[in-house]
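There are 2 protein chains.
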Amino acid sequence: MARFEKHVLICENHRDPSDKRGCCAAKGSAQILDKFKGRMKELGLTYKMRANKSGCLDACEHGAVVLVYPEQVWYGNVKAEDVEEIIQSHLINNKPVERLKIKKKKFL
Amino acid sequence: MARFEKHVLICENHRDPSDKRGCCAAKGSAQILDKFKGRMKELGLTYKMRANKSGCLDACEHGAVVLVYPEQVWYGNVKAEDVEEIIQSHLINNKPVERLKIKKKKFL
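Going down the list, the protein sequences come from chains A and B. According to the numbering used here, the first sequence is numbered sequentially starting from 329. According to the numbering used here, the second sequence is numbered sequentially starting from 329.
Be a bit skeptical, because a hint or two may be false.
Here are the in silico distance ranges between beta carbons for each label pair [unchecked claim]:
#: 1; chain 1: B; residue 1: D347; chain 2: A; residue 2: A358; range: 34 to 44 Å
#: 2; chain 1: A; residue 1: D347; chain 2: B; residue 2: D362; range: 29 to 39 Å
#: 3; chain 1: A; residue 1: R343; chain 2: B; residue 2: Q359; range: 22 to 32 Å
Keeping only pairs whose Cα atoms sit at most 35 Å apart, straight-line, the calculated DSBU-like set for lysine-lysine is [stated by the list, open to error]:
#: 4; chain 1: B; residue 1: K434; chain 2: A; residue 2: K348
#: 5; chain 1: A; residue 1: K431; chain 2: B; residue 2: K348
#: 6; chain 1: A; residue 1: K376; chain 2: A; residue 2: K348
#: 7; chain 1: A; residue 1: K369; chain 2: B; residue 2: K434
#: 8; chain 1: B; residue 1: K433; chain 2: A; residue 2: K348
#: 9; chain 1: A; residue 1: K376; chain 2: B; residue 2: K433
#: 10; chain 1: B; residue 1: K429; chain 2: A; residue 2: K369
#: 11; chain 1: A; residue 1: K429; chain 2: A; residue 2: K365
Please keep in mind that the hints were generated in silico from the structure rather than gathered at the bench. Quick caveat: nothing in here was measured; it's all calculated off a predicted structure. In this text, a Cβ means the ideal position worked out from N, Cα and C, and glycines have one as well.
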């Protein structure tokens with residue numbers, strides 16, 4: 329059995345505000361990471377799941393970006409208030425949150 | 329098709345040298361990350377694969393740690409000189425490098 333049943337990566341890349349690409353750090357990724365870590369601990373999930381910050385996931389226009397393995401589900405425009413739904417639906421009940429998925433073909 | 333055929337995470341967590349747990353940053357993770365990124369670019373792999381730094385993967389005693397998705401293969405005690413083998417064998421030819429795998433059951 330794999331060590332982590334679910335592994336959540338939250339892009340925390342930071343760019344200068346003058347950079348047109350934007351970045352996930354400017355779109356609340358630190359709060360999203362904190363909320364994942366806090367709630368997963370409260371819910372007793374951390375023995376089999378983990379949330380980590382990551383370097384740039386190259387999906388800047390969709391930030392803040394959250395990526396869930398092993399399924400490689402890509403979520404875009406994620407806000408801190410979406411975290412509970414991702415945890416309850418996807419991590420616990422194995423049902424990815426369709427409304428938050430990035431819709432572009434290459435991300436499906 | 330998933331966006332990334334292979335996704336390599338390199339733990340870059342840093343702890344104070346007085347911390348007995350050690351950390352991957354003190355075991356060369358920055359050089360490992362650089363080498364993955366550089367070689368994957370040179371080899372034309374970056375359109376379908378990616379290497380990223382990550383926060384602490386909670387395998388500190390095995391550092392430097394490299395984790396490859398979607399298979400969730402855990403490599404431990406990785407050195408910069410091991411990167412080419414991981415790329416050629418695992419990323420390109422889909423054969424994980426057995427000698428570098430962390431052997432503990434929970435990582436298999």
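We went through each hint and held it up to the structure:
{"no.": "1", "hint": "B:D347 x A:A358: 34 to 44 Å", "verdict": "violated (23 Å)"}
{"no.": "2", "hint": "A:D347 x B:D362: 29 to 39 Å", "verdict": "violated (22 Å)"}
{"no.": "3", "hint": "A:R343 x B:Q359: 22 to 32 Å", "verdict": "holds (24 Å)"}
{"no.": "4", "hint": "B:K434 x A:K348", "verdict": "violated (43 Å)"}
{"no.": "5", "hint": "A:K431 x B:K348", "verdict": "violated (45 Å)"}
{"no.": "6", "hint": "A:K376 x A:K348", "verdict": "violated (38 Å)"}
{"no.": "7", "hint": "A:K369 x B:K434", "verdict": "holds (19 Å)"}
{"no.": "8", "hint": "B:K433 x A:K348", "verdict": "violated (46 Å)"}
{"no.": "9", "hint": "A:K376 x B:K433", "verdict": "holds (14 Å)"}
{"no.": "10", "hint": "B:K429 x A:K369", "verdict": "holds (28 Å)"}
{"no.": "11", "hint": "A:K429 x A:K365", "verdict": "holds (21 Å)"}
The earlier numbered hints that this structure contradicts are 1, 2, 4, 5, 6, 8.
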